[in-house]
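> So the chains spell out like this:
Protein chains: 2
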Amino acid sequence: MSEQHISGAIIKRLPRYYRYLEELLTEGVERISSQELSERMGVTASQIRQDLNHFGGFGQQGYGYKVLYLYEEIGKIMGMDRIKRIIMIGAGNLGQAIANYANYRKRGFFIEAIFDKDPDKIGTEVQGIIVRDIETLEEYIKLNPVDIATITIPKEQAVPVADRLVKAGVKGIWNYAHVDLDVPADVCVENVHLSESLMSLSYRIKNQK
Amino acid sequence: MSEQHISGAIIKRLPRYYRYLEELLTEGVERISSQELSERMGVTASQIRQDLNHFGGFGQQGYGYKVLYLYEEIGKIMGMDRIKRIIMIGAGNLGQAIANYANYRKRGFFIEAIFDKDPDKIGTEVQGIIVRDIETLEEYIKLNPVDIATITIPKEQAVPVADRLVKAGVKGIWNYAHVDLDVPADVCVENVHLSESLMSLSYRIKNQK
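Line by line, the protein sequences are chains U and Z.
When the letters of the first sequence are read in order and numbered with our numbering, they come out as residues 677 to 885.
When the letters of the second sequence are read in order and numbered with our numbering, they come out as residues 677 to 885.
Hint data in this document are derived by calculation from the structure and do not stem from the laboratory.
Take the hints with a grain of salt, since some may be wrong.
Copies of the same chain look alike in the list, so a pair counts if it works inside one copy or between any two.
[As the list claims (entries may be wrong)] When the alpha-carbon atoms are kept at most 20 Å apart in a straight line, the in silico EDC-like pairs for lysine to aspartate or glutamate are as follows:
(1) Lys831 - Glu748
(2) Lys882 - Asp862
(3) Lys843 - Glu699
(4) Lys688 - Glu866
(5) Lys882 - Asp757
(6) Lys831 - Glu698
(7) Lys752 - Glu872
(8) Lys782 - Glu832
(9) Lys882 - Glu866
(10) Lys831 - Glu715
(11) Lys847 - Glu872
(12) Lys688 - Glu698
(13) Lys782 - Glu872
The task is simple: from the sequences and hints, build the whole structure.
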């Protein structure tokens, strides 16, 4: 199967399929029909067939999808067999919450180091990982490959830290700071702007009434 | 100006305008041209004019936009003058991180109560708010109006808690649990599925290389 044929719209839906397939695996389900998956996910069976037939993993009519095979294929498409090593900038509540989020580890992501500038935090442990001094960031990256850096520090500090990450060669930033980061075109930034999500919800509730 | 004329695409962009306008207010800027705003935001001046002219707030050619007026108008469109009262289900790291996020308060959202089922957390304080027993949830909602309930508990517990919230009359759920909630059509759910965001980033990094 060639990845070139997968549209952006399907790519957006894949994490959700992945989540449902993971649940099925946890329940010990080895195969599932598009009809059953449709009922679980609340999308049409036809949509599921259109999306998942790109990945193979289905046998003859009536056999259904092989859950593990599809799960692994989607994981590969999403880069989860290769993009694994995460460092975190910020050991506050949000950083700790993300580090604790066991799901990421199950999915093959590993938080390998945590940095902070607060002397009270440096040297303490978060999920068994010792918090390092942010001053040692470049030194760490020189010695250890990093796929993704998560930023959970206030926006004023986030901008210079992002510059340092980019200069050190990091190509993926998962940004929780409430600011748009200005990075070169070959660096990917995924923003999680929580308050914008809250504003969207507010808008929808207001217009629902 | 009538809200009916504002397209969904503009609505999606408004929280970002709101954020930049807020920054300008903090800096004491009273008015700004579409050109200057364009340079800050990294979008074309023509896009800005098209978007913001829906809201008025601009004078004659060369005057620029009135920052405070636009800020307030966008806030009203997004329902932020009315959707204010938040309760939180879950006083763990993620719940605490969200409660600490001072931005929300600045924007007019108020976290009014926090609930948890953990006896070690009940009675403790998070941001000056005492953590209540989740068993008292219905009683609280009966006595206090609630616009939005934030869910930051594991997915197994999130499903029955969402049912309880809906039965108690809550119409807005900000869901961080890694599960799709099944709610009636008049209840709005905004999902923040962090691991799906991480998967998207992983995909983009992989395809960038």
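> If a hint holds in the structure, say so; if it does not, say that too.
Hints versus structure:
1. Lys831 - Glu748: Neither: 37 Å inside a chain and 23 Å across chains, both beyond 20 Å.
2. Lys882 - Asp862: between (39 Å within a copy, 11 Å between copies)
3. Lys843 - Glu699: Neither: 39 Å inside a chain and 27 Å across chains, both beyond 20 Å.
4. Lys688 - Glu866: both (13 Å within a copy, 16 Å between copies)
5. Lys882 - Asp757: between (42 Å within a copy, 10 Å between copies)
6. Lys831 - Glu698: between (35 Å within a copy, 13 Å between copies)
7. Lys752 - Glu872: between (30 Å within a copy, 14 Å between copies)
8. Lys782 - Glu832: Result: close only across copies, 17 Å inter versus 33 Å intra.
9. Lys882 - Glu866: between (28 Å within a copy, 13 Å between copies)
10. Lys831 - Glu715: Classified as between; 19 Å across copies, 42 Å inside a copy.
11. Lys847 - Glu872: For Lys847 and Glu872, only the inter-copy Cα distance (19 Å) is at most 20 Å; the intra-copy one is 25 Å.
12. Lys688 - Glu698: within (17 Å within a copy, 31 Å between copies)
13. Lys782 - Glu872: Answer is between; shortest inter-copy Cα gap is 13 Å, intra-copy 28 Å.
Going through the hint list in order, the structure does not satisfy hints 1 and 3.
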